[in-house]
Amino acid sequence: MTDTERTITVTVNGVPREATVPVRRLLSDALRHDLGLTGTHVGCEHGVCGACTVIVDGDPVRSCLMLAVQVDGSEVRTVEGLAREDHQGGQVLHPVQEAFRECHALQCGFCTPGFLMTIAAGLEERDNSVELTEEDVDDMVGGNLCRCTGYANIKKAVHHAAAAMRDA
Amino acid sequence: MTTKLFGEPVRRREDQRLITGKGRYLDDIGHTALAAAFVRSPHAHARITDIDVDEALDVEGLVAIYTYEDLTGPMAEPLPVLIPHPQLHAPRTGFPLANGEVNHVGEPVVMVVATDRYVAEDACDRIVVSYEELPVVVGVDAARAAEHAVHEEIPDNVAARHHQETGDVEPALAAAPRTLSFTQYIERSACMPMEGKGVHAKWDADDSSLRVYTSTQASTSVRAAIAAKLKLSLDKVEVIAPDVGGGFGVKIVHPWPEELLVPLAAINLGREVKWAEDRREHFIGSAHERQQRQEITVGYDDDGRITALDVHIWHDNGAYTPYGIIVPIVTATQLVGPYALPVYRVVVESVFTNTVIVTPYRGAGRPQGCYAMERTMDRIADDLGLDRAVVRERNLIQADQFPYDHRLTFQDGRPVIYDSGDYPGLLDKLRTLVGWSEAEHLRADAAERGKLLGVGMALYVEGTGPGPYEGGHVQVLGSGKVLVSTGLTSQGQGHETAFAQIVASELGVPIEDVEVTTGDTRRFGYAVGTFASRAAVMSGNAIALAARGVREKALRIAADVLEAAPEDLEIDAGLVQVKGVPGTSIPLRTVAVLSNPLRYAFDEAAKQATQFAKAGDDDKPPVAVGDAPGLEHRDYYSPIRSTFASGAHAAIVEIDPATWEIDVVKYAVVHDCGNVVNPMIVEGQVHGGVAQGVGGALYERMAYDADGQLQNASFMDFLMPYASEVPNIDIDHQQTPSPLNPLGIKGAGEAGVIPGTAAIASAIEDAVGRRIASMPISPTELYDLVRDPSSERTATAARREAGAMA
Numbered sequence: 001m002t003d004t005e006r007t008i009t010v011t012v013n014g015v016p017r018e019a020t021v022p023v024r025r026l027l028s029d030a031l032r033h034d035l036g037l038t039g040t041h042v043g044c045e046h047g048v049c050g051a052c053t054v055i056v057d058g059d060p061v062r063s064c065l066m067l068a069v070q071v072d073g074s075e076v077r078t079v080e081g082l083a084r085e086d087h088q089g090g091q092v093l094h095p096v097q098e099a100f101r102e103c104h105a106l107q108c109g110f111c112t113p114g115f116l117m118t119i120a121a122g123l124e125e126r127d128n129s130v131e132l133t134e135e136d137v138d139d140m141v142g143g144n145l146c147r148c149t150g151y152a153n154i155k156k157a158v159h160h161a162a163a164a165m166r167d168a
Numbered sequence: 001m002t003t004k005l006f007g008e009p010v011r012r013r014e015d016q017r018l019i020t021g022k023g024r025y026l027d028d029i030g031h032t033a034l035a036a037a038f039v040r041s042p043h044a045h046a047r048i049t050d051i052d053v054d055e056a057l058d059v060e061g062l063v064a065i066y067t068y069e070d071l072t073g074p075m076a077e078p079l080p081v082l083i084p085h086p087q088l089h090a091p092r093t094g095f096p097l098a099n100g101e102v103n104h105v106g107e108p109v110v111m112v113v114a115t116d117r118y119v120a121e122d123a124c125d126r127i128v129v130s131y132e133e134l135p136v137v138v139g140v141d142a143a144r145a146a147e148h149a150v151h152e153e154i155p156d157n158v159a160a161r162h163h164q165e166t167g168d169v170e171p172a173l174a175a176a177p178r179t180l181s182f183t184q185y186i187e188r189s190a191c192m193p194m195e196g197k198g199v200h201a202k203w204d205a206d207d208s209s210l211r212v213y214t215s216t217q218a219s220t221s222v223r224a225a226i227a228a229k230l231k232l233s234l235d236k237v238e239v240i241a242p243d244v245g246g247g248f249g250v251k252i253v254h255p256w257p258e259e260l261l262v263p264l265a266a267i268n269l270g271r272e273v274k275w276a277e278d279r280r281e282h283f284i285g286s287a288h289e290r291q292q293r294q295e296i297t298v299g300y301d302d303d304g305r306i307t308a309l310d311v312h313i314w315h316d317n318g319a320y321t322p323y324g325i326i327v328p329i330v331t332a333t334q335l336v337g338p339y340a341l342p343v344y345r346v347v348v349e350s351v352f353t354n355t356v357i358v359t360p361y362r363g364a365g366r367p368q369g370c371y372a373m374e375r376t377m378d379r380i381a382d383d384l385g386l387d388r389a390v391v392r393e394r395n396l397i398q399a400d401q402f403p404y405d406h407r408l409t410f411q412d413g414r415p416v417i418y419d420s421g422d423y424p425g426l427l428d429k430l431r432t433l434v435g436w437s438e439a440e441h442l443r444a445d446a447a448e449r450g451k452l453l454g455v456g457m458a459l460y461v462e463g464t465g466p467g468p469y470e471g472g473h474v475q476v477l478g479s480g481k482v483l484v485s486t487g488l489t490s491q492g493q494g495h496e497t498a499f500a501q502i503v504a505s506e507l508g509v510p511i512e513d514v515e516v517t518t519g520d521t522r523r524f525g526y527a528v529g530t531f532a533s534r535a536a537v538m539s540g541n542a543i544a545l546a547a548r549g550v551r552e553k554a555l556r557i558a559a560d561v562l563e564a565a566p567e568d569l570e571i572d573a574g575l576v577q578v579k580g581v582p583g584t585s586i587p588l589r590t591v592a593v594l595s596n597p598l599r600y601a602f603d604e605a606a607k608q609a610t611q612f613a614k615a616g617d618d619d620k621p622p623v624a625v626g627d628a629p630g631l632e633h634r635d636y637y638s639p640i641r642s643t644f645a646s647g648a649h650a651a652i653v654e655i656d657p658a659t660w661e662i663d664v665v666k667y668a669v670v671h672d673c674g675n676v677v678n679p680m681i682v683e684g685q686v687h688g689g690v691a692q693g694v695g696g697a698l699y700e701r702m703a704y705d706a707d708g709q710l711q712n713a714s715f716m717d718f719l720m721p722y723a724s725e726v727p728n729i730d731i732d733h734q735q736t737p738s739p740l741n742p743l744g745i746k747g748a749g750e751a752g753v754i755p756g757t758a759a760i761a762s763a764i765e766d767a768v769g770r771r772i773a774s775m776p777i778s779p780t781e782l783y784d785l786v787r788d789p790s791s792e793r794t795a796t797a798a799r800r801e802a803g804a805m806a
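If you're matching them up, the sequences are chains X and C in order. Note that the first sequence covers residues 1 to 168 in our numbering. Note that the second sequence covers residues 1 to 806 in our numbering.
Don't take every hint at face value.
What the hints assert, rightly or not - 25 angstroms max Cα-Cα, derived PhoX-like pairs, lysine-lysine:
1) X/Lys156 / C/Lys202
2) C/Lys202 / C/Lys236
3) C/Lys22 / C/Lys481
4) C/Lys481 / C/Lys579
5) C/Lys579 / X/Lys156
6) C/Lys22 / C/Lys236
What the hints assert, rightly or not - For the chain X half of the interface with chain C, some residues (derived, Cβ under 7 angstroms), not all of them:
7) Cys44
8) Val48
9) Val69
10) Gln70
11) Gly73
12) Val79
13) Glu80
14) His104
15) Phe110
16) Thr112
17) Pro113
18) Asp138
19) Arg147
20) Tyr151
Stated by the list, open to error - Far from chain C, some chain X residues (derived; all Cβ distances over 10 angstroms):
21) Thr9
22) Ala19
23) Gly122
24) Thr133
Just so you know, the hints here were simulated from the structure itself, not pulled from any lab data. Glycine included, C-beta positions come from ideal geometry on N, C-alpha and C.
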C-alpha cells in the first residue's frame, strides 16, 4: 500500500469485503473493478444520469460522485444484492426486478440497475399501503435518465412493484 | 398449439440477466486489461506543430504512447469512406490519430496505454500538443457562406450535391394556382446511448489470432475493417458485440479510430487492452445528427392539393463523411411521406463544418424530411384557411394505389416503391385518438385557465428493412436445445426474444428450448448490421427461413422412422408426430441425434445414431448425396427493396404565457409496421422513439460556439428528457402486412422519433399564432419570438382574432 492508497472495509450486499484502493478511486470504479461487481453501470461520471446508483447505509447515492474511501465502515447494496437467496440454490427477485420484467421497463438494460436501486430504496422506505400517486412516481424516478424506454413502462413498473410490496 | 408465439407479448428473455446485474457490457469485460485513454484536440481547426510526450514518460504505470508517427501501412491511411456514392464528389475522412491537422474538437491525437484508466489519463494530461489555430466553420450557414474552408482543397465546403427529381418542377410551379416559399432550420442532437462506445482486444500470440469485443451495431463489418487495417487474415479475427447499452445509430459507424487502435495496441503489447468511452468523449468524439437548412417552394391548388414541390436542403455533415451521404439521401427520399406529389425536385448540399461528424441518429434524416413536408402542409392549410388534417387528407396516397412508385432512389440504391399501407386509415384513427375535432373546445378551456393551447399533427412513411441481406442459422442439438444465430447485433431491441418467438412458432418447439445469439462473428460471419429498423425484417425473415429448412429436414428424417409421409407429420411442443395419430411421435431431439450418423457414442443419446444401432440400406451412404449431417439449416433473406412502415402522430401543447414553458399535455400515435412479432416490444420502441422526438423538439441541441467548442458537452447542460418531460402516449395500431417478405413485417425501431419535431412545431405554432421555423425551441426562444414585432403571425391567428372580434 502506497501513501496514496487506503485499505477499506465495507459490507457489500451483506458480505464484509476489504479492498486496498487509491484514495482517488470512485466508489463506482471500486465496486466494478476492485470488487468485481459490474452490475453497477457508469453512464456519465458526473452524477446526472443515475445509472450508477447504489444504496449506501440505506440511502440511494450516485456511486460516481463518491470516493471509495468514503464508504469505509458502511453498508452498500448493489443490484447484485437486490434479489435474495431462496435457500434452495435459487433466487427470489425483488418486487422491483419482477415488475421491470413484467412491465417491459427495460430495453438495453444499461440504466436499469440505477433505476432498480433508486426505486427499491424509494419503495422500501415508504408505507406502501398508501396509494402511490403519479407525482410520487415522477419524484422517485425523475432523477434517472433512460434513453430507450421513454419511461412509460418504468412508471408502470413502479406501480406494479408498489402493489406487490403492499400485498406481500 | 402452445408454440405459436408469433404476435404475442412474450416477456423478454434477456431481462433475467439484465435486472440482476449479470449483463455483460463492454466495460464489464477484461478485468485485467490495460486501459487506453486519448488526448483529443481542444481546437476545432488547427495544424499540429508539435507533440511533446516527455513529461508523460515519468508516469508510473505508463505502458505505451501512440501518435500518428507510430502508424504504418493501412493504419496510416485515412479511415474508410464506408458508403461511397457518385454524388459524394469530395469525401473526406480522418485518420485513426490526427495526421498533422485536426478538424473538430475531440478528434483523437494521441493514444496512451497504461495500467489503469486513471493512470492513462494522468499521462494524457502531461502530453503537450502544440497547435497553430486555423479559421473555424461552425453551422450550416457558415459552411454555405464559405468564407473559410474546413478542408483547404474544398473551398466551397460542399462534400456532396445530391439531386433527385421526378419531373420538370419549374413549369409545374409556374403553372400552380398558388405557391409559397419559406426557409426553416432544424438543429443538431445526438443518439446519446446510456453506454458510450468501447473496445476490448485480446491478442493470442501463439495462435496469431485476435478477439475483439466492441460496443457496435455492426460486428461483422468491424471484423472486416480490423482485418484490412491491421493486415490480418479474416479467419484470425473474431468480433463480438456483447450486451450493448443502446446505440440509436452512433454505433453503426465503424471502424471508429478506437476500434483499430485498441487492437493495434493489444497486438503490439501482447496484452489485453480496453477503452471505455466516457461521457465527454462521447459528446465530442462520436457523432451527431439533424442540422439542416431547408428552403422549400410548393405549388398547390385552391383545395390545397400539391402540384409541385421544390426543396433545397443544406445539410451539415460535420468534419468528415465516413458514412457517405446516407442521411441526406434519406431526408431527400423520405420527405415525400404518405403524399402523392405530381412533381418533386430535391437538392441536398452536404457541407463540411468543424464539428463532430454527422451520421445516422434514430430516424437518420427522416425527422428532417418529415419536418419539411409536414410544415409545408401546415403552411398550405394556413394560407387557405383549411383544416390541417383536411389538407393532408387531400394529398394522401390512397389505399388502392399500392405498390406506389415515387420514382425516387432510396438509400439502398433501390427504387422508393411503397409496398403497402393505408394512410387515410392512419389519419382517421389519429383524429379519433387525439380528439382533433375537439381542439377548439380544448383551446377555449385552456384560455380560461390562462394557457395557450395548440394541436399539431405529422404523418410519415418510413423505409425499413433495407438490404442487402441478413442470414440466420438454426440448429437442433441432441439435447433438444435449439441454437439460433444471426450476424446482426442487438442494443436493447429484444432480439433474443423476438427471434426465439419466430423459431418457436416456425419449428414448433417450446420457446424455453431456443437460445439466440446475435452479433458474434464466431457464430455467424455474414451480416450487415442493425440500423434503419431492419433487424426484425431482415434477420427475422432469414431466421424464419432457416427454421423452415430445419423443419423440412426434421420431417424427412422423422418420416423414415415413423414410416409416414413427411406431409402427414407435424411438429408440436418439440415432438414430431403423425397428424391425428396420437402416440406415433418422435422427439425432435431424437431426430437431431439421428441426423448425424456416428461412429462414436459419446453419450447415451448418441448411441442411437451409431453405426451398429440401426440397420441401414447397404446401397446408400449414411449421409445421402447432397445432404449434410446435423439437424441445422442456414438461410438468408435478401429483399428486392425496403418495406415501408408508416404512422401518424399528434401533439397537444399547453403554453404558459407567464413563463413560456411548453407542456406536451397529450401525445397520440397511430402506428403501422405490418405484422407484429411482439406487440410489447414494438410499443416499447414507440415509447422510446417518442421520448427522443420530444427531446429533439423541445430540449436537445448541440450548442457550439463560434470557435467550434461544444458548450453543453455534459448531461448537466445537454438536456435529455427525464420522466418528467415525456408525456403520456396514447397508441393505436393498424396492420398492413408487407407483401415483400415471408413474415409480412416492417420495421419499427425508428418510427416513434420521426414526426415529433414536426407535430410539436405545428402545435406550438397553433397555440401562439407565430410562425415556428426553427426547431428545437426553448421557452426563452419562444418568448423572444412572440415579443419580436417582426416575427411572422400566422393567417390562422389573424382569422381567429377577426372571428373573435366579429
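Hints breached by this structure: Result: hints 1, 5, 6, 9, 10, 11 break, sorted rising.
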